[in-house]
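Q: Take the sequence shown: its letters are residues 0 to 97, numbered as in numbering that gives the first Met the number 0.
Hints are not guaranteed to be accurate.
[Said to hold, decoys possible] Using C-beta positions, here's what the derived DEER-type ranges look like:
id : residue 1 : residue 2 : range
1  : Asn-22    : Leu-89    : 25 to 35 Å
2  : Glu-24    : Gln-4     : 17 to 27 Å
3  : Gly-13    : Arg-44    : 11 to 21 Å
4  : Pro-88    : Gln-35    : 34 to 44 Å
5  : Arg-3     : Ile-27    : 14 to 24 Å
6  : Asp-61    : Gln-20    : 27 to 37 Å
7  : Asn-22    : Leu-70    : 17 to 27 Å
8  : Phe-59    : Gln-20    : 10 to 20 Å
9  : Gln-30    : Phe-67    : 33 to 43 Å
10 : Leu-89    : Gln-20    : 27 to 37 Å
11 : Leu-89    : Glu-19    : 15 to 25 Å
Because the hints were derived from the structure by calculation, they are not lab data.
Only a predicted model underlies this, so the values are computations on that prediction, with no experimental measurement involved.
Just so you know, even glycine gets a beta-carbon here, dropped at the ideal spot from N, CA and C.
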Amino acid sequence: MDYRQPHEVLLFFGKGRNWEQGNKECLIAQQQYYHQLQLEGKVLRTGLQVHESGLFVSLFVDSDAALFAILEQDPALMEEVAEVLQAIPLATDIREAV
């Protein structure tokens, strides 16, 4: 898989280093941030994880550089209230997976 090409990524967020000191506004801002990206067509879906404290985001990016740019603007990541636990790239075409 060529990560310089457009692809889908699943992001799982969890508690960051400053979770205990973090404020709810920061987490709300994170949800609003990804909602805005969804309105722009970059995010496919978001949701709260059932068994974990954190957000789940599925997004479509032009490249990993675009993904890093999105993550750099995430309010909860900037304040270290949340962290990316896992980022899973998905092949969107069967030929890519084989």
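Q: It remains to establish, for every hint, whether it holds in the given structure.
A: Okay, the hints, checked on the actual structure:
no.: 1; hint: Asn-22 to Leu-89: 25 to 35 Å; in the structure: holds, 33 Å
no.: 2; hint: Glu-24 to Gln-4: 17 to 27 Å; in the structure: violated, 36 Å
no.: 3; hint: Gly-13 to Arg-44: 11 to 21 Å; in the structure: holds, 18 Å
no.: 4; hint: Pro-88 to Gln-35: 34 to 44 Å; in the structure: violated, 23 Å
no.: 5; hint: Arg-3 to Ile-27: 14 to 24 Å; in the structure: violated, 33 Å
no.: 6; hint: Asp-61 to Gln-20: 27 to 37 Å; in the structure: holds, 35 Å
no.: 7; hint: Asn-22 to Leu-70: 17 to 27 Å; in the structure: holds, 20 Å
no.: 8; hint: Phe-59 to Gln-20: 10 to 20 Å; in the structure: violated, 33 Å
no.: 9; hint: Gln-30 to Phe-67: 33 to 43 Å; in the structure: violated, 20 Å
no.: 10; hint: Leu-89 to Gln-20: 27 to 37 Å; in the structure: holds, 34 Å
no.: 11; hint: Leu-89 to Glu-19: 15 to 25 Å; in the structure: violated, 33 Å
Violated hints, in rising order: 2, 4, 5, 8, 9 and 11; the structure is consistent with all others.
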